[in-house]
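Peer 1: Here's the letter readout for the chains.
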Amino acid sequence: MSSTTQTARLTTLQAAWVIARRDFLAILFSRAFIFFLLGPLFPIIVGGLAGGIGSRVQQQTSIIEIGVAMNEADTALMVASASQLHKELGSTIPPLVPIAEADRAVKPADILREKRGNYVAIIDGTPAAPVLTATEDQLKKWRGPVGLVAATASGTSPSTFPKITSETVATSGANVKRNRVLTAQAGQMLLFLLTMLLGGMVLSNLVEEKGNKIIEVLAAAIPMDSVFLGKLFAMLAVSFVGIAVWGGVGSLIYFAGGYSMADFAAPAVGWPLFFALGVIYFAMGYLILGSLFLAIGSMAATVREVQTLSMPVTMLQLLVFFFASYAMANQGSMMELAAAIFPFSSPFAMLARAAQSGEIWPHALAIAWQALAVAVLVKAGATLFRRRVMQSGPRGAKGNRKGLFRRLAELAGPA
Amino acid sequence: MDMPLSDTLPKDNCVDVDTAEDTNRPLAIEARGLVKKFGDTLAVDGVDISVREGAIYGILGPNGAGKTTTLRMLLGIIDPDAGLRRVFGHDCPHEIAKLIGYLPEERGLYPAMKGVEAIAFMGALRGLPLEEGRKRGAELLENHGMGFAIERQIRQMSKGQAQTVQLLGTLVHRPRLVVLDEPFSGLDAINQGKLERMIRDLADGGTTVIFSTHVIHHAERLCESVAIIAGGKVPYAGSVEAARDRIPAQVRLETRAREGAWLSALPQDARREGDFFYFSLPEAGIESLLKALIDGEAGILSLSIERAGLHDAFVHIAGEAAARALEADNAAEMGR
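Chains A and B, in that order, are what the protein sequence lines are. Counting the first sequence from 1 gives a position; my numbering is that position plus 74. Counting the second sequence from 1 gives a position; my numbering is that position plus 2.
FYI, nobody ran anything at the bench for these hints, they're computed from the structure. For clarity, every value in this text was computed on a predicted model and none was experimentally measured. Just so it is clear, CB atoms sit at the ideal spot from N, CA and C, and this is done for glycine as well. Some hints here could point you the wrong way.
For lysine-lysine, the following DSS-like pairs were computed, each having C-alpha atoms within a straight-line distance of at most 27 Å [stated by the list, open to error]:
| hint | chain 1 | residue 1 | chain 2 | residue 2 |
| --- | --- | --- | --- | --- |
| 1 | A | K161 | A | K181 |
| 2 | B | K39 | A | K453 |
| 3 | B | K293 | A | K287 |
| 4 | A | K284 | B | K293 |
| 5 | A | K287 | B | K39 |
| 6 | B | K161 | A | K215 |
| 7 | B | K161 | A | K287 |
Just some of the chain A residues that point at chain B, by a computed CB distance under 8 Å [stated by the list, open to error]:
| hint | residue |
| --- | --- |
| 8 | R96 |
| 9 | A100 |
| 10 | I101 |
| 11 | E290 |
| 12 | P297 |
| 13 | A403 |
Only chain B is shown next, with the shape it has when bound in the complex:
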């Protein structure tokens, strides 16, 4: 394997990369400083991403943020105007097409093809012999409760069924890397749950999964690492935990006493809302504050510490505007 891309590029990239990951696993994807311009529009502006083998990695951002363009560059569908990408150590992703499965955001199948033929064809594109593809396709459809679709034409299937066929076609050649562009889009809640399980199963089997989404809880539930993307830039790439830790945990305190010397022990950002005080968890911990509250006879009725969610982290990292765009996309998706 060549030297890591990170060693080949200058270190002045502004991206905030969390490095507290399991560095024992090799990188499945490594991209540094990817730039793509379409006419006057800068679609992707210096994106850095590192995905470890076997990880579930999310690219999180509103529509138009540059997720699809980033994935297309990683897959070699389009070439970046600047920057470097490497997939399983290869500069040219087409060279290792057999190791990759890709579900594009715009789903597409030949309407006249039968379910099993569509899956076998997608496998054949990745080097799987047609006969083997048909056999595996039939098994996959049976295992996913879609045995009826084996001999049914795509045009006779519902949108969700066709989407499942395409997803199975993405996996039929047993790729080591699965790239899913907005995989949850257009699926009902039940099928979203099935897809989440499928993604977890893939990762459990050692497959690297990278998916883009504008729905935060899919990323929060599934991913160990995410890249937050907004306006073509990646202001954060790293573990979900580290992203959440960007915002100090919030403390909610309820006391019997309303006044007392203990009030001066509360952190400076403490604010009172009704019967509760809210403030950030002090960096030194809660112990000294608890002592002051007890010594000052504040009368603690309840005290809870709430860790920030990925949504809060997203707002904190990407900004209010990006968060509003993300929510608007979600609302539009729900309305569909």
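Excised from the complex, chain A in its bound form:
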């Protein structure tokens, strides 16, 4: 190695900064940015289409249960009556379950307040004089069906309903859980749409660069890793500008409509941390997908090839999103763990977790893991790029005439 000590080059980060600054300003003052700002219209349309899946997930995660805290015989009677009526009346009659043994000594209001179990309401007292404890909206909803079940359990005519005493609580475990699922779903959907939008934009940017033939000037001056990093972070910065604009406009509309954040269920980690994690997971999700798209861009010689290659990746990413959504419904399962570990679904799964679970350490671990995945993908993409793009001069179209898949096979093999 050379013994000359003089360093006459930019560091990787300095070089990435040069690229990022140029790309950021170029994109910000381009027409593409206007289209980017209009991007939220797209999620509204797609969101509507994807609503079916979302509601199914929500249904699965918010199975309504009404706990029965009567004596053993009355509880069995109430549960049996509900079961019998359910056969006749279907979902009008909620499933009744005996409350857990450990909660028998706890007041129903406290059970709901402390979010023990998945109860939307709790019935105690007796079938002849039931006491229904729930939030105000749940009381309105379940007073009739519970009266019917209690009347059936009492053996009285269904026309003679027992008087139900009610107790109102501010919240319940089921309520919070259902609303947190909604928060998690909204976060995941936003994350997915933004990352896809940005991944596509960074890919177009690279393809444009290849078209401009500027890439060789960059490759000669700075490491390809810096080019990739610069491009990724420029687009990330552009997205933050976009998010600030959307957030500002959205907040104006929202607060002008008389709403407040209290209308949403607070995520398990709390709003400030949820927002912070949202930003980090968005950045990670985008960097992972963006570096994959850049690697694709490096392999493609033409725009058509880019489309050919990016389509299956887009579809796979959609599947990954659905996988993460599905995993959200199975908290604590192996599937949730798999979704959190697989780098492409990890940001989605972890954001959903932030909404549903208050543990902090898994997020630190996940962020470190995702950062590692980004580093590996950027390095791999840059290596592929150097191997593929800088093969020959303009007559190097020899290479371009080869089939795309033959080139992919070559890239996979030794140089």
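Using the hints provided, position chain B relative to the given structure of chain A.
Peer 2: Frame of chain A; chain B shown alone:
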């Protein structure tokens, strides 16, 4: 500085390297046994090059000979499969990116950028602060009669103007080594002349210039040394003078007498074409032949000695096929 690459490699390389150069100047570029393969194609096969600091060095060969791949390996854009390269004593050219300026064969600029911004950006890639780059860029454009391009977008410029902007961007950070890949390609005669002057000025200022070309007279007019490359190999690397000296000078003789004893004094390769005899300049010189012609009363009407040009040297060294390819490239370029 580490030991020269030439001391680290076996001496059995077949390249014909002329060593009659100014060895007082240190080497800016030293490459030994560079090999690069793309799939089944051996693009560069054991290239050896030595470029002294402050020299104008040409890499001469037809398209597809391996010029661009060689330059890319020298610059660290791609790594060789085998062999060693060293630029200003560094094995990794990226380590000294600030000292190098590079104009690739495929010119490329951001179409939406203004002329001065494009130059400043290229300088920034080589470590020049943006503000300084803008200032120097504006000066360079003014000095090259392109003040109008300072605030004009690249997409609004002609191909030649954009090419000049890119060339100025290559030089804005005042590199010690300038690498130009086919710099004359696409330029009209006037701009080719301007570029030749610019290259000479750079060398006069102590900058090392290495350029590739398939046009022999650019290399012949500008370079003190060349590497002739064909089929990925470098059959000759050394001074232009030494390359020309590979072919003995040609003598053209016209005499009044047609016959005589003096005819036997002519070299064996002498041939008569009309009123003239043509033959190679004897290694011992022309003096003894002149004496024989005078003593034999040949009646010398004219006698001229013509040194071989670089084109003849190229044909002699690289072969007829490579020369034909070179001419075909030139014809294609002219037709463009």
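Peer 1: State for each hint whether it applies.
Peer 2: Evaluation of the provided hints:
Between K161(A) and K181(A), the direct Cα distance comes to roughly 31 Å. Violation of the 27 Å bound is thereby established for this hinted pair. Of the supplied pair hints, the one linking K39(B) and K453(A) holds, its CA atoms being roughly 23 Å apart against a limit of 27 Å. With a C-alpha separation of about 64 Å, the suggested pairing of K293(B) with K287(A) is violated against the 27 Å cut-off. At most 27 Å may separate the alpha-carbon atoms for a hinted pair to count; K284(A) and K293(B) exceed this at roughly 68 Å.
Proposed proximity of K287(A) and K39(B) is supported: the alpha carbons are some 23 Å apart, at most 27 Å. Using a Cα cut-off of 27 Å, the hinted pair K161(B) and K215(A) is violated, with the two alpha carbons roughly 75 Å apart. With a C-alpha separation of about 14 Å, the suggested pairing of K161(B) with K287(A) holds against the 27 Å cut-off. A least Cβ separation of about 6 Å between R96(A) and chain B falls short of the 8 Å threshold, and the interface hint therefore holds.
Hint status for A100(A): holds, given a least beta-carbon distance of 7 Å to chain B, under 8 Å. Using the Cβ-Cβ criterion of 8 Å, the hint placing I101(A) at the interface with chain B is not satisfied: the shortest such distance is roughly 11 Å. Interface hint status for E290(A): upheld, as the beta-carbon distance to the closest one in chain B is roughly 4 Å, under 8 Å. Interface restraint check: P297(A) against chain B, minimum CB-CB distance 6 Å, threshold 8 Å, status holds.
Proximity of A403(A) to chain B is violated relative to the hint, the smallest CB-CB distance being about 47 Å (cut-off 8 Å).
The structure fails to meet hints 1, 3, 4, 6, 10 and 13 from the earlier list, while all remaining hints are met.
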